[in-house]
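**Q** Starting from the known structure of chain A, arrange chain B on it as the hints suggest.
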Amino acid sequence: MRPSGRKVTTMSDSKLTATPGQTVGPFYGYALPYEKDGELLPPGSPGSIRLQGTVYDGAGHPVPDAILEIWQPDADGKIVHRTGSLVRDGYTFTGWGRSSVGNSGVYTFTTVNPGPTGPGAAPFIAVTVFARGLMNRLFTRIYLPENQEALAADPLLNSLDPDRRQTLIARRDPDGGLTWDVRMQGEGETVFLDFDGGPADGKDRQ
Amino acid sequence: MPENFTAETYNADSLTEDLSDAAEVTPKAVTPKVETQADLSAELKAIGYAYAAKLSSGGEPETQPRLDFAPYRSSILRHPTKSLHHADPETIELYSPAFGHQDVHALESDLTIQHNGEPQGERIIVAGRVLDGDGRPVAGQLVEIWQANASGRYIHKRDQHPAPLDPHFTGVGRCITGPDGSYRFTTIKPGAYPWKNHLNAWRPAHIHFSLFGNEFTQRIVTQMYFPGDQLFPLDPIYQSIVDQDARDRLVASYDHELTEPEWALGYNWDIVLTGSKRTWTENEALGAEGDHHE
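From first to last, the protein sequence lines stand for chains A and B.
For the first sequence, this note's numbering assigns the number 1 to the initial residue and increments by one for each residue that follows.
For the second sequence, this note's numbering assigns the number 1001 to the initial residue and increments by one for each residue that follows.
If we strip away everything but chain A, and leave its shape as in the complex, we get:
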């Protein structure tokens, strides 16, 4: 490839400034969703569970135009590196999925309970939230509600106030599935994560 007009290409440049994000907007619906996007494995297959929840705005109303992505280890806690998320063959667990909410703000995935990635680790699912009206994607986590000992030892959960900590822990449904809601703002606001740190990156700070 030709050198580009901008000096962003060499490994000797120690740090490059990241390109800004922008809102996903209202019209992703014919582009990002695809067949079986939220089915990390077929519904009803052995070990499968439903993960679902509602996305709410600051007024407590469901958000009808949000899209979520999840990325998780398999049931044994293994991080898989398999392609095929966009063409589900019904057999390959890739660990990644995408689900756009419906008119009532509800998203649904079919997945497995993630296993612990190490001895004593609290299993969690990594989440990215996009929505019209949301200027940049938000990162967060969904923890399984079981294994109190592991949850109590988790570095992230330990760094949070008890009421905020609770926003990252899913509820176990009677059918074995998980329910976890996203509250973008206000009472019970979900804890969203900043992996880069430092106020200089323009994230909202108080």
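Among the hints, erroneous ones may be present.
To be verified - Derived coverage of chain A by chain B (criterion: at least 3 residues anywhere in the stretch with Cβ under 8 Å from a Cβ of chain B; other residues may be distant):
(1) 40–54
(2) 133–144
Claimed, not checked - 25 Å max Cα-Cα, derived BS3-like pairs, lysine-lysine:
(3) B:LYS1082 with B:LYS1033
(4) A:LYS15 with B:LYS1054
(5) A:LYS78 with A:LYS36
(6) B:LYS1054 with A:LYS78
(7) B:LYS1157 with B:LYS1189
(8) B:LYS1157 with A:LYS36
(9) B:LYS1045 with B:LYS1033
(10) A:LYS15 with B:LYS1277
(11) B:LYS1033 with B:LYS1196
No wet-lab data here; the hints were simulated from the structure.
For each residue, glycine too, the CB sits at the ideal point set by N, CA and C.
**A** Coordinates of chain B only, in the frame set by chain A:
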């Protein structure tokens, strides 16, 4: 302009008014006054002055959009009010989902050949590289784009802009980056389109980009703009990035070297993801081929 515009129409949420339960889920703007571009521009200008003052008193440049940016009305109830919580990425967050040529057909990068005829409009090539914050190419990863057609109309059923749909243009493309992080799309230059943030609101022409890095934390969705667009100063979404250098990172460069004779104009746009948090193996740092994950 529609004849029957009202304050309610133009202050309403830009999208959900045609949804059945929109009345319940959509907060109306604060006053029944029709908000004009002049009102919005005054707000944008005030934010710009405040940011310039902050910079001149030694503040750090802001490199990302503000989540709390009231001129984009739909953001008011959709931004977290608590600060983002700093976390060290762990385990799964240090890796990225794998995509490959199994997932994406090579023809998906040409948005002008998805139907039985040539789409209307100006044919363009958009190409560049995806790099991480350390300048390493992001190889073998998924790039997704979507956009309006040449008339400024999305094929999405919720787009009610009375401009023609193009039966030969959907406006969706995908590709997998090459070993050097390169991507390349052939498409049609999108038109500007009106929206209902305020009266006479128009979005500058743009292409939506969705990108994955080598790590979960590098995921980004953004928009690429075209150089010299007169709508930049008026658009609250572009202006939600308050720093001019940062805004410029979303604007492609016209590149005559990319332009193909008798065929299409070329635009170059490189994308930089955030820095790597993982300790890389030598093989990873050398850059792997696409489809290196089996």
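**Q** Where does the structure disagree with the numbered hints, that is, which hint numbers, in rising order?
**A** Numbers 1, 3, 6, in rising order.
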